[in-house]
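**Student:** Sequence:
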Amino acid sequence: MALFFVICSALIDVAANLMVAKSDGFRRWRWGVGAIVLVWIAFALLGQAVRYMDLATAYAMWGAIGVIGTATCGRLLFGNRLRPIVRLEPRLIAAIDTVADTRAFPQRNARMFSHVTVGTNDMEISRRFYDALFTAVGGRAGVFDDEGKLVYIKDGRMFIVTPPIDGQAACHANGGTIGFALTDPQAVHAWQEAGAAHGGTTVEDPAGVRQKAGRQLYLAYLRDPDGNKLWLPMEALEPQHQPVRTLRPVFAFAAIVVVAFALFVSLFPLGAGRMLVKAQDWAALNVGWYYLLAMTLYLVFVVGVALSKYGGIKLGADHDEPEFSYLSWAGMLFAAGISITLFFFCVSEPLTHYLQPPQGDGAAGEAGARQAMQLLFLHWGLHGWGVFALAAMAMAYFAYRHNLPLALRSALYPLIGKRINGPIGYTVDALGIVATVFGIGADMGFGVLHLNAGLSHLFNVPHSNLVQILLVVAMMGAAVAVAVSGVEKGVRWMANINMLLAIALVLFMLCAGPTQYLLSTLMQNLGDYLGSVVGKSFDVYAYGGRPEWLGGWTVFYWAWWIGWAPFVGLFIARISRGRTIREFVFGVLLIPLGFTLAWLSIFGNSALDQVLHHGQQQLAQLAVDDPPTVLYALLDGYPWSKAVIGVTVLVSFIFFVTSADSGAVVLSTLSSHGGAPEDDGPRWLRVFWGTVIAVLTAGLLLAGSIDALKSAVVLASLPFSAVLLLMMWGLTRAFSDESHRKRAQQFRPSPLIGDDRHHQGWRQRLTQAMHFPVRDQVYRFMDDTVKPAMEAVAEQLREQGWDVQTRFEAGDMELSVNHGEQQDFQYRVILSGYLTPSFAAQQLRNQRYYRAEVHLYEGSQDYDLVGYSRKQIINDIISQYERHLQFLHLSR
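Read in order, the letters of the sequence shown are residues -16 to -1, 1 to 876 in mature numbering (1 follows the signal peptide of the UniProt record, and there is no 0).
It is possible that some hints are incorrect.
[To be verified] For lysine-lysine, the following DSS-like pairs were computed, each having C-alpha atoms within a straight-line distance of at most 30 Å:
| id | residue 1 | residue 2 |
| --- | --- | --- |
| 1 | Lys726 | Lys293 |
| 2 | Lys771 | Lys726 |
| 3 | Lys855 | Lys771 |
Because the hints were derived from the structure by calculation, they are not lab data.
Fair warning: this is a prediction, and the values are worked out from it, not measured in the lab.
Kindly generate the complete structure, drawing on both the sequences and the hints.
**Tutor:** As structure tokens, this is what we get:
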């Protein structure tokens, strides 16, 4: 036993070292994969050894492993973590790992230069030349970034080839730069001042924040006495976002409720179990009808919006484009449809419905099997993905189109305005967190029961509360370690492999079983589901049904889907920016559903085939008596059963870890504020929520296993189901405002004579139309013309008593007027770059030109201010403000 303990401890410690390793020449995802594999081996050995322990020894080992796990999390929390300073084009990230390593350890590999840039007059000739040059010395061919520059990486250094930005011919003093690597703005200013004081010349702009490649960068330029151009560092600054911090009211409310309940079920499992059973019976009798009605309303609402005129609205500004291609987006939605609970219910649920239907006697032959599959498809079908689509649509719409926090409370903005950042809004977020914790806890509980049964099948590990609690600690420990260690790339790689293994598993069942029968029943099940979904959506079995069946199955499922809505909704929202509501809704409803229903049909009908046609009645009874074991009993009858069961256990373990890891991250994000929409919550919050979920899961397993898990979900999701109805109301009001805004845009204020751009002379207008300004020209235009115009309007509005805010940054200027509880006015001018069109002059091709584009609250207005006079810009601001006042009038 001592030897076993030493082996487990060593494996876990090695895993911890691998997770925080930063050795040069290795990618972090490789270490992450190795760490997870070692943790899996360690706890597989633990499961094997539990059979030989007495209770005291098992608890002692549990405590010792807990100490090791705490130390591991401490190292992961407070160890160094790589933070790349520059975010480049995604295609370059793989090539710049060594650059990030160098910047993370200046004491070990300090450097003076960040990059060298050379000018070119012909990009294609230069590309061939430098590709050959770098390939000859063991480098890689260059890649183009999003500004059309050719970038090479060798030994952690960047070499950049680009046409001069001023459109003149390239030479040693025009187009070539040497980039110095400095670390803070003070060093930038000191460097520039020292150079200018000793014969150098400041060029282009003073040191400061600049917009470049979609990022706020701190830059400065200098020429030495011989005319060579020097460029100061590309230090990423994002002043527009506050640091991510804990949202204390939300965290405190949710933490108190969840921790109190978790301690209650853990310390008083018998009493808690009785209370939960009574609560579930009450819910089935009193709110079962409400759950069915609410879930149907969610589905009807999202489909109705998608089919309406509002389906063309983008989840983002009008000019936003999707971040991911259709294929990548569909792949991520597909992955979201696979979880460990599919393994738990795919066989046990249809067999249970076959023996214990909601009405009538069980084991009713082919008709009973057909009804069982209808109920299975109902519980895993469109309704669940409808609630996910609703939560995701609400968060994405208000975050990306209205610049509100990526949070549940933002959906209430049309109803309560800025009070979303007060007690009402915080309560909404807290209720979402509570529902999510219980939803994830139930999922983890089913997963633990499933894995315990698999380990028992493979290694004769006993079915006991002790083993299940050890599994909870082991797997949640691994999930928390992943969530805080910075090995997300490794986890994503494992998740992708795991998805392929899951697909291989279902294909094995299809090919090794009665293939023709399974394909026929799949089509039959799909038709039966589509034909019965409306009636089943409202069926509460009021005439002669079993009330306990409704509470234990349909009501539980609807509550479980609602509990998972904030978790899955946040993930879907993050990957869906730039999609129209129509493509978003139908993508979310249909892409993951196809695989889910195919999985359930193949596994469920394989089990029903054994019962109906091969006399395996004991398999159906096993589904009722011991649901976690029935899948493995079914697999025992297939070729290579041990190997298939081993793969099933492994796939289930990885799904458990990835789901729990994502759950901890999402909960930390929901209980935080600040940062960009894509930023996650603090790492200590991930550890906290992971620990709470583990304690809650263990307590519910002690309090009554499956029945306790179901009851807790039904109770916790009830308040949040009302929040989702309020989200529907908020979205309806927001879509109505969209109509008012379009009507307001048709309102045409009278232009001031002589101050409209179209009153320019025709020669001036023609010259302006064929002008393709470079970036620095637009920078100067914004500083010299746009900024004074905004300041003049702001000053006049302030004199009239309005609360006006202005913000002036390089390439991004904004004027906003506060209208209290109504929507604020926002007039923003952003420097935007585009590739010069092919019809431009020969010397301008392969370059970029820039525009000063106007953005309002809903996004880009697709017109350029370059060429406007100061008075014309003032007139444009006033015209847009008058349209905004018209919109506020229409939306009263």
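**Student:** Hint by hint, note whether the structure agrees.
**Tutor:** Now the hints, each set against the structure:
no. : hint             : result
1   : Lys726 to Lys293 : holds (12 Å)
2   : Lys771 to Lys726 : holds (28 Å)
3   : Lys855 to Lys771 : holds (12 Å)
Going down the numbered hints, you'll see the structure goes against none, and every one checks out.
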